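Enquirer: Chain A is already provided as a structure; the job is to place chain B on it using the hints.
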Amino acid sequence: NAGVTQTPKFQVLKTGQSMTLQCAQDMNHNSMYWYRQDPGMGLRLIYYSASEGTTDKGEVPNGYNVSRLNKREFSLRLESAAPSQTSVYFCASSEVGLANYGYTFGSGTRLTVV
Amino acid sequence: AQSVTQLDSHVSVSEGTPVLLRCNYSSSYSPSLFWYVQHPNKGLQLLLKYTSAATLVKGINGFEAEFKKSETSFHLTKPSAHMSDAAEYFCVVRYPGANNLFFGTGTRLTVIP
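Residue numbers (the numbering used here), protein chains in the order written: chain A, 1 to 114; chain B, 1 to 113.
Any given hint could be a false lead.
What the hints assert, rightly or not - Derived DSS-like pairs: lysine-lysine, alpha-carbon spacing no greater than 27 Å straight-line:
id	chain 1	residue 1	chain 2	residue 2
1	A	Lys9	A	Lys71
2	A	Lys14	B	Lys42
3	A	Lys71	B	Lys49
4	A	Lys9	B	Lys42
To be verified - One side only, chain A facing chain B, incomplete, derived with CB under 8 Å:
id	residue
5	Gly58
6	Phe90
7	Gly108
FYI, nobody ran anything at the bench for these hints, they're computed from the structure.
Just so you know, these numbers come straight off a predicted model, no measurement behind them.
Virtual Cβ for every residue (Gly too), placed ideally from N, Cα, C.
In isolation and in its complexed conformation, chain A is listed as follows:
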């Protein structure tokens, strides 16, 4: 099925550990995004990639790094996990250039940092 695939779906980390969240889309979209979702705060943008080869900070980038590996893949890395990074992470993609576009979201990664 076409869409956005995120791995893993669940992860528990100890404080200070590192990990990479993977995201891939097969819709030939140019733009990809990483959001975190916390109770009562909606979704907040961490980083985005408007096109292959570019990345930009969003609203809450501290503690994260990203890599736009190719047009399909956009990974999010936590170098030294902290309990404040316990959250649900969503990857999304969209086609830039249209006047009104929506996002296609992955099913999320639930991360717990202990």
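Expert: Below, chain B without anything else, positioned relative to chain A:
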């Protein structure tokens, strides 16, 4: 500052009664507007979007929303709630020139049998 406000964090309705989820945006310009739904432990699904054509937008599952520029609102409605509508709903805005979307804080809809 650009923002989007969902006026109710929680709405509770009886099955078969109308649903109204409120959303206001802040902008002098007409933005792109969306409603997304998130069922428990699931990703976000697009319900409908405003494309600057008709101000009354119809979406999936019987939902619709009306864009009112004079009130800077984009409220989501459904004539008759179903148990399967119980979920969290997000009003989302893309402002002209912005590369990303702004999310409201969400409204949790409970449907009482």
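Enquirer: For the pair supplied as a hint, Lys14 (chain A) and Lys42 (chain B), is the alpha-carbon distance within the 27 Å limit?
Expert: holds, 25 Å
Enquirer: Against chain B, is Gly108 (chain A) within 8 Å by beta-carbon distance?
Expert: Because about 6 Å separates Gly108 (chain A) from the closest Cβ in chain B, which is inside the 8 Å limit, the hint holds.
Enquirer: Is Lys9 (chain A) close enough to Lys71 (chain A), meaning Cα to Cα at most 27 Å?
Expert: At roughly 22 Å apart (the allowed maximum being 27 Å), Lys71 (chain A) and Lys9 (chain A) satisfy the hint.
Enquirer: If you draw a straight line from the CA of Lys71 (chain A) to the CA of Lys49 (chain B), is it 27 Å or shorter?
Expert: Satisfied, since the Cα-Cα distance of roughly 26 Å is no more than 27 Å.
Enquirer: Keeping to a limit of 27 Å between CA atoms, is the pair of Lys9 (chain A) and Lys42 (chain B) held or broken?
Expert: Status holds; Cα separation ~11 Å.
Enquirer: Interface hint check: Phe90 (chain A), Cβ to nearest Cβ on chain B, cutoff 8 Å. Holds or violated?
Expert: Nearest chain B Cβ about 7 Å off; hint holds.
Enquirer: Return the status of the interface hint for Gly58 (chain A): holds when the least beta-carbon distance to chain B is below 8 Å, violated otherwise.
Expert: holds, 6 Å
Checked against the numbered hints above, the structure violates none of them.
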